[in-house]
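Protein chains in written order, with the working numbering: chain G, 1 to 295; chain D, 1 to 257; chain F, 1 to 366.
Calculated directly from the structure, the hints in this document are not laboratory data.
On a predicted model such as this, the values are computed, not experimentally measured, just so you know.
Errors might be hidden in some of the hints.
Not the full set, but computed from the structure, chain G residues with beta-carbon under 7 Å of chain F [unchecked claim]:
#1 W102
#2 M107
#3 D114
#4 V269
#5 Q280
#6 P283
Yeah, the Cβ is synthetic: ideal placement off N, Cα and C, and Gly gets one too.
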Amino acid sequence: MTVILGQLFTGVSIGAVLLLIALGLALTFGQMNVINMAHGEFIMAGAYTTYVLQQTITDAGLSLLVALPIAFAVAGAMGVLLEWALIRRLYTRPLDTLLVTWGVSLMLQQLARDVFGAPNVQTKAPDILTESTSLGADLSIANSRLFILGLVVLAVAALTAALKFTPLGRRIRAVVQNRDLAAVSGIPTARVDRLTFFIGSGLAGVAGVALTLLGPIGPTMGTNIIIDAFLVVVVGGIGQLKGSVIVAFVLGMLQAMVEYLTTLSVAKVIVFIAIVAFLQWRPQGLFTLRTRSLA
Amino acid sequence: MSDAAGLCIRGLRVVFDGFVAVDGVDLDVAPGDIRFLIGPNGAGKTTLVDAVTGLVKASGSARFGEQELLGRDVHRIARLGVGRTFQTAALFEELTVLQNLDIAAGAGRSPWTMLRRRGAVPDDVAYALETIGLTERRDVLAGTLAHGQKQWLEIGMLLVQNARLLLLDEPVAGMSHEEREATGELLGRVAGDRTVVVIEHDMDFLRRFADTVTVLHAGKVLSEGTVAQVQADPKVQEVYLGHATDQDEPVSQGAEA
Amino acid sequence: MSALTNPRARAWLGFALGAVVLFAAAPALLTDFRLSLLAKYLCFAIVAVGIGLAWGRGGLLTLGQGVFFGLGGYAMAMHLKLADAGEGNMPDFMELYGQLDELPSWWAPFANPVFALAATVLLPMLVAFGLGSLVFRRRVRGAYFAILSQALAAAMVILLIGQQGTTGGTNGLTDIEGFFGYDLDDPVNQRMVYFIIAGVLLALLALTRQLMNSRYGELLVAVRDSENRVRFLGYNPANVKLVAYVVAAGMAGLAGALFVPAVGIISPALIGIVPSIEFVIGVAVGGRAALLGPVLGAVAVAWAKTALSERFPGTWTYLQGAMFVLVVAFLPGGLASLWGMVKRRREAAPPAPESTERVLVKEVAA
Chain G
1 MTVILGQLFT GVSIGAVLLL IALGLALTFG QMNVINMAHG EFIMAGAYTT YVLQQTITDA
61 GLSLLVALPI AFAVAGAMGV LLEWALIRRL YTRPLDTLLV TWGVSLMLQQ LARDVFGAPN
121 VQTKAPDILT ESTSLGADLS IANSRLFILG LVVLAVAALT AALKFTPLGR RIRAVVQNRD
181 LAAVSGIPTA RVDRLTFFIG SGLAGVAGVA LTLLGPIGPT MGTNIIIDAF LVVVVGGIGQ
241 LKGSVIVAFV LGMLQAMVEY LTTLSVAKVI VFIAIVAFLQ WRPQGLFTLR TRSLA
Chain D
1 MSDAAGLCIR GLRVVFDGFV AVDGVDLDVA PGDIRFLIGP NGAGKTTLVD AVTGLVKASG
61 SARFGEQELL GRDVHRIARL GVGRTFQTAA LFEELTVLQN LDIAAGAGRS PWTMLRRRGA
121 VPDDVAYALE TIGLTERRDV LAGTLAHGQK QWLEIGMLLV QNARLLLLDE PVAGMSHEER
181 EATGELLGRV AGDRTVVVIE HDMDFLRRFA DTVTVLHAGK VLSEGTVAQV QADPKVQEVY
241 LGHATDQDEP VSQGAEA
Chain F
1 MSALTNPRAR AWLGFALGAV VLFAAAPALL TDFRLSLLAK YLCFAIVAVG IGLAWGRGGL
61 LTLGQGVFFG LGGYAMAMHL KLADAGEGNM PDFMELYGQL DELPSWWAPF ANPVFALAAT
121 VLLPMLVAFG LGSLVFRRRV RGAYFAILSQ ALAAAMVILL IGQQGTTGGT NGLTDIEGFF
181 GYDLDDPVNQ RMVYFIIAGV LLALLALTRQ LMNSRYGELL VAVRDSENRV RFLGYNPANV
241 KLVAYVVAAG MAGLAGALFV PAVGIISPAL IGIVPSIEFV IGVAVGGRAA LLGPVLGAVA
301 VAWAKTALSE RFPGTWTYLQ GAMFVLVVAF LPGGLASLWG MVKRRREAAP PAPESTERVL
361 VKEVAA
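With the sequences and hints as input, model every part of the structure.
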């Protein structure tokens, strides 16, 4: 029983990280249909932001808190720059967007290598986050994982609220559902695109801050996690957040369970097969905006 | 296979996320008939064609001859001899006119034939080129054709595809007067022993070329009969012809998808 | 008709020219070292030919060709390792790690050269067939397919690294000494390997040319540009795409198999996400929809990488990224389209179908 509960918690915390990384993509890929391979490097930028801040603000807790908004702004600004310089020219060529942004991601990785050096760096976590909270007999969970879980709950809640209740959110949804109609209704679609991209990329920065609690920071840290995040959005379905939320946690649990029964490497393959099998059943993902144009 | 077959639709229903686009339509098109399907925007005309050709899911029944169409894949329905055109001409714009027709003619080809280069122009393709008047332009990229020619090429593709049920979605929309005339004549020649269903807003075109007419309104059949019968129907005048007879121009097609 | 305007005569001329360059000029002019580098580049070029067919003509952006390259490479390397070890012995790395008492059962059939050779091509084709038929039939396409193919590459690499005892892990299969009884350290035999690779490349180019010019090739372009329309004509686009994907996978597998004797190693670092996407760069730069574009692009990019990355590794990465960005964003037809533009200006003949990305954008009735 304890074993199952333990794996359940592992699954939830894998899912939380996955979701935090995928959340920004749920906006840029899910809402705008832009495949931004440099999203992983925005995560890296958030992580390095934390590292740089810790050079001046030595208190680990304070620097972590300060890093959150600053990383959001840094990664968001990079996103806006990318959108303005390249992506907006490619809205009608989604596959080419993928390749172009991959080129950008290569350059950003090299930039990180030139600025911070190729070896990984490490930040210091505040003491409270290096401890664990005991949850009964043999069960304990790392506080850093709890922090990430809290952060992701907060981010999902804020994003959902923003999309539902603010004028900006309504505009974003309007542009997603019918770009032309939104444009003729007087919504400045180009500005909405840029703002959506700012928020989506900013969320990558926040994810980067969170990842510093789990491991080292390096120029290629974004490359591998980004694929899992894309899978979350693909399986979750385009256009809605709830799909990504559910899928992130389900995949996290699946990963944890299979990994417990076999090994990490086998688990990755089984998760991949499970995803292909799932797409047999629902090729459009878990949830889709069912409109006539998708028929 | 040259025997004409009729289209028989019973209780056809299409729902998009709670919105009922087609609501229990019964429709019989006799073999060899040229049936026009009219109705205001949003009446469910295109959705009906989408359902019959397998593009959208529908409940009820749609039989062409002996074959039930609903529930089959799009390409299986096409192989049963059901062909359609689209409101905006859907051609392979980066291929030539000849290549477009050759592909349309080839769904039944063996792998061996597919893997070889096309030699001479196949007879049916040459005949179709002649019929649609594009023999001279056969090596031109389809994307560079004039609007009317694109629609004719689509009809030509139905011909070589050997479709016996033709579903044409607004074939003369946006055409000049001369092009409309030419299209009408082409339609007459093509129809032969085929069963034809045409969605059209152009009343002038309808009066000249329709055998029978079905009026759809809000997903249901409102009226059916010859052109004269339908025009005399007070219900039709109320919802549709009432404002369409005043103007001979096609009714706006903007929002219809 | 003069030989320069008749397409068939021109193709023969082109192949003759290619044969002269590859079989006479290159071996005469290049040192053994350079020639073995060229052999490696030509392996990448073989992968590129397949990507050109699947992506350029079929619109299938496959970001996981490394998987197939790796399957072919590992199949070949397993056989060569077993042959090096001699009958009844285990490959050196298994002895070294000492986790196994006997050869794993799935290694055993690769001792048979016929099985191993067939597997280098058939195994990748089988995997592509499995994934492709599941994915294409359910109309998973465009970016979704690209991401799935990339995820497959990621999963395969993690699997290989995780099974260190039987796959060599991160190191891969290294120190391959013999090639069907020939000593690979001998420059003469290295030359022979080069000639085999060059021959295979020319043969596959001929095959691909036939595919592109056949009715199937026209249909593939039609599927790329307007999948739904093809469906309404009575074809199942899934099968059309599947053929291109499986053929491309077979080519990548063969390339991987030839890479092993040419370079002497196969490892996860050669087949993961990054090398998989590097295959695509060469194709994009050369011209995705042209026959020769991918070949020249792949060789040029691989050559530039060797020439620059040793002396200025950082600069090369920037250059590679920038090249990718500029070509894909502003010259989607690649360098081959420049040639096309010049040609079209000279003669008003109908141009060959050029590719631009239209798969997701221009679906009829969508």
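Hint check results:
Of the supplied interface hints, the one on W102 of chain G holds, with its beta-carbon coming within about 6 Å of a beta-carbon of chain F, less than 7 Å. Taking 7 Å as the C-beta cut-off, the interface hint given for M107 of chain G holds, the closest approach to chain F being about 4 Å. Here the hint on D114 of chain G is kept, as its CB sits about 6 Å from the closest CB of chain F, short of 7 Å. Checking V269 of chain G against chain F by beta carbon gives a least distance of about 5 Å; that is within 7 Å, so the hint holds.
The interface hint given for Q280 of chain G is met, as the beta carbon of that residue sits about 6 Å from the closest beta carbon of chain F, less than 7 Å. Here the hint on P283 of chain G is kept, as its CB sits about 4 Å from the closest CB of chain F, short of 7 Å.
The structure agrees with every numbered hint stated previously.
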